[in-house]
Every structure is written in structure tokens, then in C-alpha cells.
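Okay, here's what each chain looks like letter by letter:
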Amino acid sequence: QKEVEQNSGPLSVPEGAIASLNCTYSDRGSQSFFWYRQYSGKSPELIMSIYSNGDKEDGRFTAQLNKASQYVSLLIRDSQPSDSATYLCAVNMRGDSNYQLIWGAGTKLIIKP
Amino acid sequence: DAGVTQSPTHLIKTRGQQVTLRCSPKSGHDTVSWYQQALGQGPQFIFQYYEEEERQRGNFPDRFSGHQFPNYSSELNVNALLLGDSALYLCASSYGQGVRVYDSPLHFGNGTRLTVT
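Chains as they are written, first to last, in the numbering used here: chain A, 1 to 113; chain B, 1 to 117.
One thing to keep in mind: the hints can contain errors.
Claimed, not checked - Capping the alpha-carbon separation at 30 Å, the derived lysine-lysine pairs in BS3-like fashion look like this:
#1 Lys108(A) to Lys26(B)
#2 Lys42(A) to Lys13(B)
#3 Lys42(A) to Lys26(B)
#4 Lys26(B) to Lys56(A)
#5 Lys67(A) to Lys13(B)
To be verified - Per the computed footprint, the stretches of chain A lying under chain B, defined by three or more beta-carbons under 8 Å from a beta-carbon of chain B, are:
#6 37 to 46
#7 103 to 112
By construction, these hints were calculated from the structure, which means they are not laboratory data.
Just so you know, even glycine gets a beta-carbon here, dropped at the ideal spot from N, CA and C.
If we strip away everything but chain A, and leave its shape as in the complex, we get:
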């Protein structure tokens, strides 16, 4: 069973603090990992992609990948009220003949002014 697990939240973080979002996945052979942000009533938009173990930084966002622990996280530094959204973790997993993107249910993040 291919699964991606996320804490549904809501995760409440004060403005200016670091928000930490976590995701675990079931397929040890997975190679591609994505974080999407989804505002209420809107479609998901890509925030970060990561393919190698370690950290990948882009502005205030840092993705962290640990394939041995089957764990990927997203850190948001200097959190802003505009970061309030649902964050979706997606993992590319092996299917019968191809790869399929499996999504977590998302973590709702609330940044308190």
C-alpha cells in the first residue's frame, strides 16, 4: 500500500517563527519529493522539489530529505500571515509499470500575527 502521511494540524505558529512541516512515506525506493502549498479554495502550487538526501534551500523555505528514515520535511523561516495555507507533500512512488505521484492529505498551517 503506497502511503504518504502528514499531520493534518492545524499547526499554529507565531509570526516570525519557524514553521516545521513533516511527511513520511512508505516506498523506500522513492526518488522524487515535492511540497505544494494550497490556499483555501485554490489549486496547489509547487513550493519545493527535492531529490537527494540533505537540505535544499530556496528563500525562506528549506526542504529536508532523509531517505533512510523515509522522511521529508519543509521548514518556513520568518513565517508570515500569507504563509497560512494547507501544505501538501507528494512523493513519486513505483507502480506496476511506472511511477505514480502519491499525495498526503496535507497539513493546515496557521500563522498568528
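Following the hints, put chain B in place on chain A, whose structure we already have.
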């Protein structure tokens, strides 16, 4: 540069009816994937089209069918609508279909909100 466009934005149908949703991919993209997203849930993969053929399919019944046209645009058809089909339907486009097609990040349209009464 036009992004992914979907139509209509909202739709209300009655149980048993049929519906067609449409999607135009982002310029330069040739692969279209369709997702169903229920409230409070992550997107659920319906199917993917590349070169006018269905390449992958998720766990959805045959009531869900699709088509891709030579210009890469796509349609999602749902027959014999059920109340449980009420959801946000998302179209996502990407470039290239291969063993690791999803290495190409997905770009989503704004979605079609379907309500079945």
C-alpha cells in the same frame, strides 16, 4: 505565458447525469493528469494522458473516462453521477512522459468545483 486553464469553474449536476470537464495545459506541456480532491483531503489521482492515450490510471471506476486531443488539451467525463462525486476536480500539466514522469513538477489549473445533488 498562459498557465493551465480549466472550464467550467463551477458546475451543479443531478445524480445520474453526465458531466464533461475541460483542460488546456500550460504552453509547452504535453502531459495532462486529472485529480479529484474532496474537502480536507489531498488530491486523488484519476488518470494521466500523453500522446492522446491514457497512460496511467488511479483507483477510479470506469464511469470516469477521458480524452486528449492533438493540441494536448484534455477532457474528463463522468457518467452516472453519484453524490460522492462532488469534489474539486483538478487538471495538472507537465512535460514529457517517461519512467519517472513525475520528476517534471505538475502545474495545476484553478479547478472545477462539481456539486452533485
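Evaluation of the provided hints:
For the hint linking Lys108(A) to Lys26(B), the alpha-carbon distance of about 28 Å falls within 30 Å, and the restraint holds. A threshold of 30 Å between alpha carbons decides the hint, and for Lys42(A) with Lys13(B) the separation of about 21 Å falls inside it, so the pair holds. For the given pair, Lys42(A) sits about 17 Å from Lys26(B) by alpha-carbon distance, which is consistent with the 30 Å threshold. Taken as a hint, the Lys26(B) and Lys56(A) pair is honoured in the structure, with Cα atoms around 26 Å apart against an allowance of 30 Å.
For the hint linking Lys67(A) to Lys13(B), the alpha-carbon distance of about 45 Å lies beyond 30 Å, and the restraint is violated. Note: the region 37 to 46 of chain A has 5 residues with beta-carbon separation from chain B under 8 Å; the three-residue rule is met and the coverage holds. Here the region 103 to 112 of chain A counts 4 residues with a CB under 8 Å from a CB of chain B, which clears the bar of 3, and the coverage holds.
The structure is inconsistent with hint 5 alone, although it conforms to all the rest.
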